[in-house]
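Here the structure of chain A is known, so what remains is to put chain B in place on it, guided by the hints.
If you're matching them up, the sequences are chains A and B in order. Going by the working numbering, the first residue of the first sequence is number 1, and it counts up by one from there. Going by the working numbering, the first residue of the second sequence is number 183, and it counts up by one from there.
Please keep in mind that the hints were generated in silico from the structure rather than gathered at the bench. If you're wondering where the values come from, they're calculated on a predicted model, not measured in any experiment. Glycine included, each C-beta is placed from N, C-alpha and C at the ideal position. Incorrect hints may appear among the rest.
To be verified - Using 16 Å as the maximum straight-line C-alpha spacing, the simulated EDC-like pairs for lysine to aspartate or glutamate come out as follows:
#1 B:K256 with A:D58
#2 A:K178 with B:E222
#3 B:K241 with A:D48
As the list claims (entries may be wrong) - So the derived label-pair ranges between C-beta atoms look like this:
#4 B:P258 with A:G159: 37 to 43 Å
#5 A:D71 with B:N416: 53 to 59 Å
#6 B:T315 with A:R20: 43 to 49 Å
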Amino acid sequence: MSSADPKGIPPDSHLESAIRSGDQNAMAALYDRYSSIVYSVALRVLGDTGAAEDVLQDVFMQLWRNPSAFDSSRGSLGAWLAVIARNRAIDTLRKRRPESNIADIVISVETDMASDADRARSAEKVRGILGSMPAAQRSALEMAYFEGLTHTEIAAKTGEPLGTIKTRIRAGLLALRKAFQE
Amino acid sequence: MTGHEQYAEDLALYALGSLQGDERANLEKHLDTCSSCRQELEALRGDGALLALAATGPKPPQRSRQRLVDAIAKEPRGSSAPIPAPARQFNLWAFFGWAAAVGMFLVAIQLRRQNTSLQVAVNSLGSVVGSQTIELENARRVVDTLTSPEAHTVTLVAGKTPPQPQGKAFYLRNRTGLVFVANNLAPLPPDKIYELWLIPPDGKPIPAGLFKPDARGNASVINPPGIPAGVEANTFAVTLEAASGPHDAPRGTGVMAGGV
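With the rest of the complex left out, here is chain A (with noise of 0.2 Å):
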């Protein structure tokens, strides 16, 4: 939920308005808060800079066409606009055209992350988590997320059946999530 922060940042909630209604400061603001997040995720995916810059250009400029896209009562702008940015960038991977419609991504989760110091301090938690996780679970969901392989890819990668896939990439986002809730 995009919450005002303690400093005097206007919430999420007010760009989003802004936004809605064609302020174009609006979002160069949203950009100045989110676009580290939305780059970040696409060059560890794509491993190149330019082609994260075009995914960081495409993300918000979907989001200036259709502000509508984003569901506000579903969670924080930054969480939707990472996982956007993650989806299109293993679009971009797989040389293949978007598989799903931006309005159609809702997302539930709780993590504010329109500060610098809220982001800082959850992707340090994150990584933490992801440090504690046994080697095999780690990279099976750093594939299936940061790769775009499916369960059937990654067992046959790894030798492991699928089965065993499925139950470590599960138990791997579940065990973020209770990290959070805690």
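Quick look at chain B alone, frame taken from chain A:
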């Protein structure tokens, strides 16, 4: 999720886009009717968003911000389109109904003509767009072939007689991209033509394009058709062939060759 545990693991994969085939189709069918599984899917996507945070760190270059600012300035929202001025009343209408009817008829004919010419223009634009799309794809393959770290770069050389003909082949196997450039080629004898060959591990040459050098002995072959997708290349070679063909297998003299 209670009572829906059989979908639990598939939901996690689906949230990451990693579920394919029948399992995906079955799950999507179930999601159409199950709100609790849809909620869980949203939560799992949220978990995925947390995972994205692990990648945070790099900042985009400053030019990206300007690029976005320029782009949104070109697509302003919230502004109304100018309202067209109302058409002037034609006063004679009230008095000369028949004249109006004739006028309407003429307008209808004119509109029909315009419609036909617009249709022709649309069709023409469609074909232009189609050809530009093909050209763009071709250009993209050329760039990929020249710049991809996966591309093999092969130098083909001839004997020691100066100036030596020389060729470079850039081959991107997974996209079947091939760019070949040559220089110092000897002028072609009458009724002859150069032919490029891709020689796979099985040794059976695959035709990779006919070409003629320009007056300075330079030539190129870009993405020739007919190369099987994904074929591995061991060697590239150029031969001098009869211009009249056939060109399905090398029959002439070798000019240059190079191995991958």
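Taken at face value, is the distance from the CA of D48 of chain A to the CA of K241 of chain B at most 16 Å? holds (13 Å)
Given the hinted pair K178 of chain A and E222 of chain B, is their Cα-Cα distance within 16 Å? Between K178 of chain A and E222 of chain B the Cα gap is close to 14 Å, so the pair holds against 16 Å.
Taking the beta carbons of T315 of chain B and R20 of chain A, is their distance inside 43 to 49 Å? violated (34 Å)
With 37 to 43 Å as the target window, see if P258 of chain B and G159 of chain A comply at their CB atoms. violated (55 Å)
Within 53 to 59 Å or not, the Cβ separation of D71 of chain A and N416 of chain B? The hint (53 to 59 Å, Cβ to Cβ) holds, given that D71 of chain A and N416 of chain B are roughly 55 Å apart.
Given pair status - D58 of chain A, K256 of chain B, alpha carbons within 16 Å: holds (15 Å)
Hints 4 and 6 from the earlier list are contradicted by this structure; the remaining hints agree with it.
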